[in-house]
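Fit chain B to the given chain A structure using the hints.
Protein chains in written order, with my numbering: chain A, 647 to 890; chain B, 131 to 583.
No lab work stands behind these hints, which were simulated from the structure alone.
Please note that the accuracy of each hint is not assured.
[Said to hold, decoys possible] Computed Cβ-Cβ distance ranges for the label pairs, DEER-style: (1) B:Arg-238 - A:Glu-721: 20 to 28 Å; (2) B:Ser-297 - A:Glu-873: 28 to 36 Å; (3) A:Val-858 - B:Pro-411: 32 to 40 Å; (4) A:Glu-721 - B:Glu-400: 53 to 61 Å; (5) A:Arg-698 - B:Asn-569: 50 to 58 Å.
Just so you know, even glycine gets a beta-carbon here, dropped at the ideal spot from N, CA and C.
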Amino acid sequence: MSREEENPADETGEPKTTARLGVGRAGHRPRTETLLDFRADHGTARDAVLTRVDEALIADREFVAISTLVADKEEYLARPDRAREISEETTARLREECKQDPEVQLIVSDGLSSTAVEKNVPELLPILFDGLEARDLDVGTPIFVEYGRVDVMDAIGEDLGASCCVHLIGERPGLATAESLSAYLVYDPKRGTPTSKKSVISNIHSNGLPPVEAGAQVADLVFEMCEKRASGISLREDDREFRA
Amino acid sequence: MSTRSIAIEQPADSESLRTVLAKANEEKTGDELAGIAAESDRERVAAKRALAGTTLETVRENPVVPYEDDEVTRAIQEAVREPVYERIKDWTVSDLREFLVDSETKDREIRAIRSGLTSEMIAAVTKLMSNLDLALATSKMTVTARCNTTVGHTGTLSFRLQPNDPSDDIENILDSTREGLSYGVGDAVIGINPVNDDVTSTTRILEATHEFIEEWEIPTQNCCLAHVTTQMDAVREGAPADLVFQSLAGTERGNEEFGVDIELLDEAYELARRRCVSTGPNVMYFETGQGSELSGDAHYDVDQLTLEARCYGLAARYDPFLVNTVVGFIGPEYLYDGKQIIRAGLEDVFMGKLHGIPMGIDACYTNHSQADQNDIENLLVLLAAAGANFFITVPMGDDVMLNYQSASYHDAAALWELFDLDPAPAFDDWLEAQGIRENGKLTDRAGEMGIFR
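Next up, chain A with everything else stripped away, as it sits in the complex:
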């Protein structure tokens, strides 16, 4: 039985809550089916955290692929500080292989959900690129970062002299969805830029903000940032946060 079917429904038959209510019991324990449903959702979330983004996705879109100072998933989880920085060698490589001083630098990171990247980025990217092109913005060479945290865009943007960065990154999965992506944006990226100076569009997935719509919204926001030369609270009081 699916989770929706088990949920208490109102008169219209629509489930009112996503909470696991009305699941019954076997003695003082959950029923087997309920237990397995729970473990299945947790398994999906764990896989999203621990698996790598499909290499075809990176190769097909001609990303320059790099890593942070982090060596593996275990270190990634334990050391967020090392996932915000790149090595001198990586910087040298980026300067060689990527366009310098672009207006917009696009970065995609696995973050805490490779599934989020795989499910949303292929749909989102063409719309985003079209939107940026339509506004005559100079877009740099797209970069894929393995083991990235949000602030790695500060280091990359600074080293490439980008005017602004767009960072698409997998969010920490919940049991309800493991596919949620966020877009973080910063104008004038520099190491140590506070979170308050960053803008975010979050909850990007098929049951939240659909990736196609998100691509258009991100392009609008980049244009606005470049015009006003600001991001985060300097741009406006509230970030745009989409709630499903």
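Chain B only, in chain A's frame:
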């Protein structure tokens, strides 16, 4: 002796004490992230050995967070009862451990020294104790507290019912409450973390839960875990709160990150005692968790266990009804996996009880922690055996608002069965009157939210 080949001198000033305390910790990613952890197991044991021979006086006389800079340090130091301290100040940290695990040491003996201890002494002894030491010592300490009902009696195990909803929908919150009650949970508190931290939303949640509690004459208490200032405004305007809540940190700067200081907490306590609708006398509820100071860059190079102990020192000032650590919520950069979460859970409940506060736990984890529900069930079993006052429960362990996993409503009855425990007495009577629990077992009727329609 291999462990002696690394020698660490006994600390004699604040800096060396801070270093030894950090290195003596069991392995935690948060201490590694802070750059203060032991670099090897041999160094860890050497630090434990140095700490074992340190006197309680040395620990007190060398505050790890400076007295002049930090009001939490001052609050802890000023709460010490000097004649009691004089009796034990020459004990080493090792002496304190052996006192706590001695079979002749019972609750009464621990009460006799409690007011002479500081949070840092309690943190120090925790670092010398094994997991079974912690469980055994915790089981000796009974700390009861009374709001509308009393929790913490020997032989009882209470539960917070946490019916959070991602849109603060009152009907969803009440449905989840009905379901939880039908499993027998909710005697510690019916406590909701709101999405919207504003007076209107907080008031709505307090009114709905209060009315529900009145309608069904449930011997429990409600709480809406908004920021303390939001709750204070709501209560001033007449919202029916039984308890006032706040998250605490172990340093003044950490509390600043939470938007509180002692003056504000004193004011909240004063207001709660005058304006909460409960009978009291205990009307405060606090949550804590190892690592929050580092995440707010307010840790002064002090390890996360010592800072956690200091939260309890601060909490004790307000004679709380409930205190719990939210142990695995912070993520793997502080507590990496099930092993570290379980260790921290045992440490926190022990330290809270040794401070004399009514300590419970949210045994929980996030999806990026290297932990799963089995780790949490292990921790529940350990701490039910050790005598935690209460656990937090959500439907099937899945909190759909905060997006993390905790204990399930189901787990309450399983733990009562396993350890021959009961809910708080008044609540247990009420469950029997509702036909939910009889002779220590859930009835056939239990587990159906329809009971409360």
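Checked hints:
Between B:Arg-238 and A:Glu-721 the beta carbons are some 49 Å apart, a value that contradicts the proposed interval 20 to 28 Å. Evaluation of the 28 to 36 Å hint for B:Ser-297 and A:Glu-873 yields a pass: the beta carbon distance comes to about 35 Å. One distance hint, 32 to 40 Å for the beta-carbon pair A:Val-858 and B:Pro-411, is violated here, with the actual separation near 58 Å. For the pair A:Glu-721 and B:Glu-400, the supplied restraint of 53 to 61 Å is violated, since their beta-carbon distance comes to about 48 Å.
The hinted window of 50 to 58 Å between A:Arg-698 and B:Asn-569 holds, with their beta carbons roughly 54 Å apart.
Taken one by one, the earlier hints fail for this structure at numbers 1, 3, 4, listed in ascending order.
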